[in-house]
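Undergrad: So you can see what is in the structure, the chains are spelled out below.
There are 2 protein chains.
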Amino acid sequence: MLQAPPAQPGMREDEIDTPALLIDIDALEFNLDRMAALLARTGTKLRAHAKTHKSPVIAKLQMARGAVGQCVQKVAEAEVLAWGGIPDILVSNEVVGATKLARLCALAKIARIAVCADDAAQVSALESAAESAGIRLPVLVEIDVGAARCGVAPGPDAVALAQRIAASRHLSFGGLQAYHGSAQHKRTIAERRTMIQGAVDASRRTIEQLHQQGLDCPIVGGAGTGTFEIESISGVYTEMQAGSYVFMDADYARNLDESGAPVHTFRHALFVLATVMSAPKRGLAVLDAGHKAVAVDSGLPLVWQRPDIRYVSASDEHGKLDIGSETTMPTLGEKMRLVPGHCDPTVDRYDWYVGVRGGRVECVWPVAARGGMS
Amino acid sequence: MLQAPPAQPGMREDEIDTPALLIDIDALEFNLDRMAALLARTGTKLRAHAKTHKSPVIAKLQMARGAVGQCVQKVAEAEVLAWGGIPDILVSNEVVGATKLARLCALAKIARIAVCADDAAQVSALESAAESAGIRLPVLVEIDVGAARCGVAPGPDAVALAQRIAASRHLSFGGLQAYHGSAQHKRTIAERRTMIQGAVDASRRTIEQLHQQGLDCPIVGGAGTGTFEIESISGVYTEMQAGSYVFMDADYARNLDESGAPVHTFRHALFVLATVMSAPKRGLAVLDAGHKAVAVDSGLPLVWQRPDIRYVSASDEHGKLDIGSETTMPTLGEKMRLVPGHCDPTVDRYDWYVGVRGGRVECVWPVAARGGMS
Numbered sequence: 179m180l181q182a183p184p185a186q187p188g189m190r191e192d193e194i195d196t197p198a199l200l201i202d203i204d205a206l207e208f209n210l211d212r213m214a215a216l217l218a219r220t221g222t223k224l225r226a227h228a229k230t231h232k233s234p235v236i237a238k239l240q241m242a243r244g245a246v247g248q249c250v251q252k253v254a255e256a257e258v259l260a261w262g263g264i265p266d267i268l269v270s271n272e273v274v275g276a277t278k279l280a281r282l283c284a285l286a287k288i289a290r291i292a293v294c295a296d297d298a299a300q301v302s303a304l305e306s307a308a309e310s311a312g313i314r315l316p317v318l319v320e321i322d323v324g325a326a327r328c329g330v331a332p333g334p335d336a337v338a339l340a341q342r343i344a345a346s347r348h349l350s351f352g353g354l355q356a357y358h359g360s361a362q363h364k365r366t367i368a369e370r371r372t373m374i375q376g377a378v379d380a381s382r383r384t385i386e387q388l389h390q391q392g393l394d395c396p397i398v399g400g401a402g403t404g405t406f407e408i409e410s411i412s413g414v415y416t417e418m419q420a421g422s423y424v425f426m427d428a429d430y431a432r433n434l435d436e437s438g439a440p441v442h443t444f445r446h447a448l449f450v451l452a453t454v455m456s457a458p459k460r461g462l463a464v465l466d467a468g469h470k471a472v473a474v475d476s477g478l479p480l481v482w483q484r485p486d487i488r489y490v491s492a493s494d495e496h497g498k499l500d501i502g503s504e505t506t507m508p509t510l511g512e513k514m515r516l517v518p519g520h521c522d523p524t525v526d527r528y529d530w531y532v533g534v535r536g537g538r539v540e541c542v543w544p545v546a547a548r549g550g551m552s
Numbered sequence: 179m180l181q182a183p184p185a186q187p188g189m190r191e192d193e194i195d196t197p198a199l200l201i202d203i204d205a206l207e208f209n210l211d212r213m214a215a216l217l218a219r220t221g222t223k224l225r226a227h228a229k230t231h232k233s234p235v236i237a238k239l240q241m242a243r244g245a246v247g248q249c250v251q252k253v254a255e256a257e258v259l260a261w262g263g264i265p266d267i268l269v270s271n272e273v274v275g276a277t278k279l280a281r282l283c284a285l286a287k288i289a290r291i292a293v294c295a296d297d298a299a300q301v302s303a304l305e306s307a308a309e310s311a312g313i314r315l316p317v318l319v320e321i322d323v324g325a326a327r328c329g330v331a332p333g334p335d336a337v338a339l340a341q342r343i344a345a346s347r348h349l350s351f352g353g354l355q356a357y358h359g360s361a362q363h364k365r366t367i368a369e370r371r372t373m374i375q376g377a378v379d380a381s382r383r384t385i386e387q388l389h390q391q392g393l394d395c396p397i398v399g400g401a402g403t404g405t406f407e408i409e410s411i412s413g414v415y416t417e418m419q420a421g422s423y424v425f426m427d428a429d430y431a432r433n434l435d436e437s438g439a440p441v442h443t444f445r446h447a448l449f450v451l452a453t454v455m456s457a458p459k460r461g462l463a464v465l466d467a468g469h470k471a472v473a474v475d476s477g478l479p480l481v482w483q484r485p486d487i488r489y490v491s492a493s494d495e496h497g498k499l500d501i502g503s504e505t506t507m508p509t510l511g512e513k514m515r516l517v518p519g520h521c522d523p524t525v526d527r528y529d530w531y532v533g534v535r536g537g538r539v540e541c542v543w544p545v546a547a548r549g550g551m552s
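Chains as they are written, first to last, in the working numbering: chain A, 179 to 552; chain B, 179 to 552.
For reference, chain A alone in the conformation it holds in the complex (with noise of 0.2 Å):
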């Protein structure tokens, strides 16, 4: 059942129904314009990440900024795309499956559409797909430059896959994804260097043994928001797939900078509104936010601008709150900001988006892709 949405344009802040989840229009904004701008001075383009937003209406923004296209991980979100109007579009993931492949291959008709491979039995179950939709898809080779999940090795193993692909009538060869997962949320900026130079070097030596067989490598595609600032002046990488840094969550917050301060190149922008239900004795008081609606894989939400409330502990739907001595309680109705401590999982549990500003609703917008499991 699609939910009705919990606010309409035009209400104040504190007449949205709880919990619910916001963007700050002023910081999306903010967050769009920024990478933009420190995208603007490299050689390389943004391909943003819709995993992290799951929005036609976002990718846009993001693309009336210059973004080439848009990233995803499933088939269900590349068709949420393509069908709201996105014409470039990378699945940066593995699609296994017949079902799954027939309808990757149909969006080609509509949108460009590349995917990623890391098994010959892929490429001859993506060939199969393409030659039966009567298309040609761009196949990107996936390899592991230090995440350990999915990828095949760098060099030899990715070249011989590569050809596989160039060799496939109904396949090209798209470049290679090489992105680093397990970098983004180190906490130092020399953990983060030393990670993204061993992908780096990685991409560079496998791209060579590329062009040695005359394969050309038209994208390398890689890194998030905990990294792209590293591989975008690599000389190696062409495409960042950041996503979070539309919204950033209080785990991204949490990496440090040269100065070992916490990195500030984007603003908070994702809220979940919740309400106090129940404030039963001092020092207590119990928010209508709990797990069902933000994500805690990545640490507990924290009160926004609230140093003085800390979220102790989340249940399905409740959010304890440990109310300091010196604070004075807060009174049953009384709705607070908690920044997720992990954006994508936290949108991926609403339908809908409430976008504010000045301390309105200006907008209203579905969370498209939600759901959208395969």
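To be clear, the hints were calculated from the coordinates, so they are not data collected in a lab.
If chains are identical, the list can't say which one is meant, so a pair holds when it fits in one copy or spans any two.
In the SDA-like style, the derived pairs of lysine to any residue whose C-alpha atoms are separated by at most 20 Å in a straight line are:
(1) 513 - 276
(2) 459 - 331
(3) 364 - 493
(4) 459 - 513
(5) 287 - 265
(6) 287 - 310
(7) 238 - 290
Given chain A, work out where chain B should sit, using these hints.
TA: Frame of chain A, contents of chain B only:
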């Protein structure tokens, strides 16, 4: 956007698109029957918690076996059940805010609706909402029996609140809500008994004090899957609010019985079906089910009936598997069932249940109240 279901009745299990939320219908029916049989020997009734399943279909299966009604945590869940024909619903939680209270009271025209309170200000708000709607609303006093979350102190505070409810023209005193959440997952039966004995004593004392003030206590509600066998023979509790028993999850299955062995009262009936999407090297395979597909707040999922394969880490859309050295490597496209660490928030990520029996899809049911945040 409502997503298409990942299967149709009649399909083979291996044809279901993934990730998908499976119900083993045989195991579900076993659990439903077992709970009914266990409670039949006691003086208590089941008021099953629908926050687990969010489905009027499953609620009706529970009521057909003698449940007196359903519990919910949210007005949105109460709406979906009432609209689906469930006649008796307790919001086992506080509801704060005029908008939500108006929605709640509107439901009282089509079902018996009750709600909890733990604050005098809430009683006033409930009275006002019930008056506006022209109804009389039963209100239970939530007491804190040890979980230190919502609820007034047992004893005089609870009695004072009950008197205030009873004195309100459009409210009636419905009884006590005495759920001990933090006892549910204590591993040893001795710990669970000690904690629930405290809850029983606090409830009994409060009931006696209510009687001294001339107040009858129609319902004493509480208990969950981890402890209902204790409350149900206490002579104090009247309604058992277990929810997870219908599905069971990996975390509840870590509770121990009298002999120190894992409790096996109920069977695992809920699974996430996932596909191997990458198998890049010996010992490592990757499933298409990460923490957007399976809740990890109470631990990682287990691979069903495959002790030689461990699910070792979850990212947004990937689950990494450690494949034992004696085990044949899985092939791309191979499907595996996962037992979620925590069933309630796993269900909350999906739009559809796929019910399977004998290797075939028997039914497809909506997770009807999913997304009902408020």
